[in-house]
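A.B. asks: Here's the letter readout for the chains.
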Amino acid sequence: MQPNTDVEQLIAKMAEDIQDKFLQSEQDEVLMIGIHTGGVWVAQRLHQLLKISQPLGALDISFYRDDFSRIGMNPQVKPSKLPVSVDNKHILLVDDILHTGRTIRAAMNELFDYGRPASIRLIVLGERSGRELPIQADVVGQHMSLGPHEHVKLNGPEQLSLTVTTTV
Amino acid sequence: MMRKNIQLDEQGRLKHLLTLEGLKRELLVEILDTAESFTSVTGQAVKKVPLLRGKTLVNLFFEASTRTLTTFELAAKRLSADVLKINVSTSATSKGESLLDMLRNLEAMHCDMFIVRHGESGAAHFIASHVAPHISVINAGDGRHAHPTQALLDMFTIRRHKGEFGPLTVAIVGDIMHSRVARSQIHALTTLGVDEVRVVGPKTLIPKAVETLGVHVYHDMEYGLEDADVVIMLRLQKERMQGALLPSEHEYYQRYGLTMDKLAAAKTDAIVMHPGPINRGVEIQSEVADSAQSVILEQVSNGVAVRMAVMSMVLGRPAEGGAA
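Line by line, the protein sequences are chains A and B. Our numbering applies: residue -18 is where the first sequence begins, and numbers increase by one. Our numbering applies: residue 7 is where the second sequence begins, and numbers increase by one.
Simulated from the structure, these hints should not be mistaken for laboratory data. Backbone N, C-alpha and C define an ideal beta-carbon position, used for all residues, glycine too. Zero decoy hints are in this set.
Pair ranges (Cβ atoms, derived): (1) Gly60(B) - Arg112(A): 23 to 33 Å; (2) Glu32(B) - Lys62(A): 23 to 33 Å; (3) Gly125(B) - Thr144(A): 50 to 60 Å; (4) Asp119(A) - Pro173(B): 42 to 52 Å; (5) Arg112(A) - Ala51(B): 27 to 37 Å.
Chain B regions said to be covered by chain A (calculated; three or more residues, Cβ under 8 Å): (6) 36 to 44; (7) 53 to 63.
One chain only, chain B, in its complex shape (with noise of 0.2 Å):
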């Protein structure tokens, strides 16, 4: 039997983001469309739309990060919500309150969305199964499981450039292992049909049976970039390593690191993505992360649109049981 996916509604509409698998293509294109027209609010004088006023926003932060905590309250604003930002290590949590208790008094105070990041996988789900019925949990990060906003993004910056998602060749290269962005990115590149996704690194830093999720292993980065027209940097995940998994930072940076030497195996017009924060010299050199064919920059700006998308198609929906 199947599951019933707790981030759809009764009308199959998006209620909560957790991870992008187990939704349909349609929902995935309607959330790049729908981004692709809050780009447009960049070009206001007034960079602001009032469509989400009066709605209260938690960012609950229990990880660090700048950028995605950054972007998601940007979106918030532009969309002219109201954002609250808690900042958990210092929290009552850590006065020993329990995360439900934390909850309930969110709960009280009125609040519409909580925007989750947590270290343990599975916390933005666990978080979204015991709110309240008119909250809605957006997942912006949980352990190793998925990054689902950052992979929308990697998605909608890919479509602009490339177009369709059709014929194109997608490596995303380093530390899979440890990173939700790549099994998120793995997600959402296969449901929206790309012909081959490859993931390229080596063999303790790639998952066993990883092919099941429909990629292909390359241990050699020449052959792993072969005329790919996207490739993907991921970060090395220094903080999440254990163990001996890598010899040393510079034999990574010999046969992981993207040079424009190495670069040069993939398409004259590829682009390169990396979901940051990069670390030069370590698994991309400055000379390719300031080329013409690098995005980075560009991922950070789409990241706002696809943030505003995504919250205001959770909180933009019908009330349920009746007209509000």
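One chain only, chain A, in its complex shape (with noise of 0.2 Å):
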């Protein structure tokens, strides 16, 4: 299948369900968190369409991936930056793709690592099939159906697209 070329569309309904199910009160709690690399572009978006007072937050979860002794180390390594404590805030955290779960299980070790937060609600720009771990999101920008050897992908950070590719 072919995703919808126009991210910019998505992301702004995205922030329509935000608003409506997460910022109705307690904004000052709220924080919002990308996680490096796609996660930040779109959390940028919806940090700003939002007007969430809190800074944005940047997660790098290099140091949490499970399959660190497999493939060693990641050269384009990025400082994970929280401006606030996240100790009793609702945190959004924002990714680009949902795929295994496994990054969202890392970025969630992580953040307790830096303390306990209030919440933590999952938004993602794209949901697709080929969950390995009981994690689901709670906004969705578009889900998509893709077999094992397709590979969908955000390109950016200018304009965003997505792309699907199929490896044999």
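These two chains come separately, so use the hints to put the complex back together.
C.D. replies: This is the structure in structure tokens:
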């Protein structure tokens, strides 16, 4: 299948959804955090559209991956930046594509090393088949049904677009 | 014919870190970038990441050390590795066990990394060439030869303050002759493209032909520090001095001790570095060591992040010959 090409439109719809579901009260306690790299691109747009008062956080989960001993150190690792404490915050965790769920597992482990959030909601631009862990998103831009040899990728950061490729 | 660099694996990734000599600029920059990411770990409530969970690291220190040993241990613990410390002076080698027998025993305990400090140049290299293939070795200082993680943390500190390496003038002052730190720093600075690297000290403490490493030699402190961006002081290695290389400590301080007066020759925003331990009043004035220009304690903090980077890079390589 081909994904929706208008990513900005998907993000605008996600913002409405987040507004309805999670931003009705306690705005100050809401902290949005994007996962490097694509998740940060999506989070920057959502953060701006929703006028969230707390600064945007960024998480690099390279140090929490479960495949470190298989694929080694990620040479493009970036520092995680959480500008305010996660303690008692309602976290809106943003990623580009939810696939196996392993990235989200790693991200949650990292977040708990920073403190004890009040809650964590998962927001993803795209959700595809292939989950390996019991992790589901609370807000989804687009649902995609892809085979095991199909891969979806978010391109950016200026112009965001989704592309699907097939490997043999 | 080029001799194979035993520090690198088949794919050119770091397997051991024994010396910075012969390592490419891209690799040094990758280590510094990775270290930058590890600095965020100290901001966590739980100052630990699970990268090296289940790995066992051995600190094999044949020579006294406090700072290096402690920061290696701390770095390993922040990566969730298990760390053993072998006090070699009281271990079986003093009961006549050979070094290689000791290594075989540690291998039999399924250790993954040896961090080695030794008074003899080449000791870490010797160990790296005799260990089982899955074990990585990091040189934490060998004789007069090399101290690569110290030089890397110094580069990290310089980059954080000065940004680009290219336009810098860096002066290394003191006992260059006996200093493994200076040797590693010179390799790192020239590899990273620093415009001018100077060594400053008395003739007796500067090795002959040091210019072949790409440095300029100064015997006068004022000229040596002129317009420098970075001043690196070395400890006067009293325990390594044999014979009359120096007239007296007092005279050394007069000529080469870093005082506020002498520092005035450098740029006004020059930073002052020292690998520690500092000898106040021997190579550096207390006022300088405690001044706003001194980044000596930052070097210590940065040492943890840099050692985390090196340890995770050497152990974080895909298993050779396919998936694990």
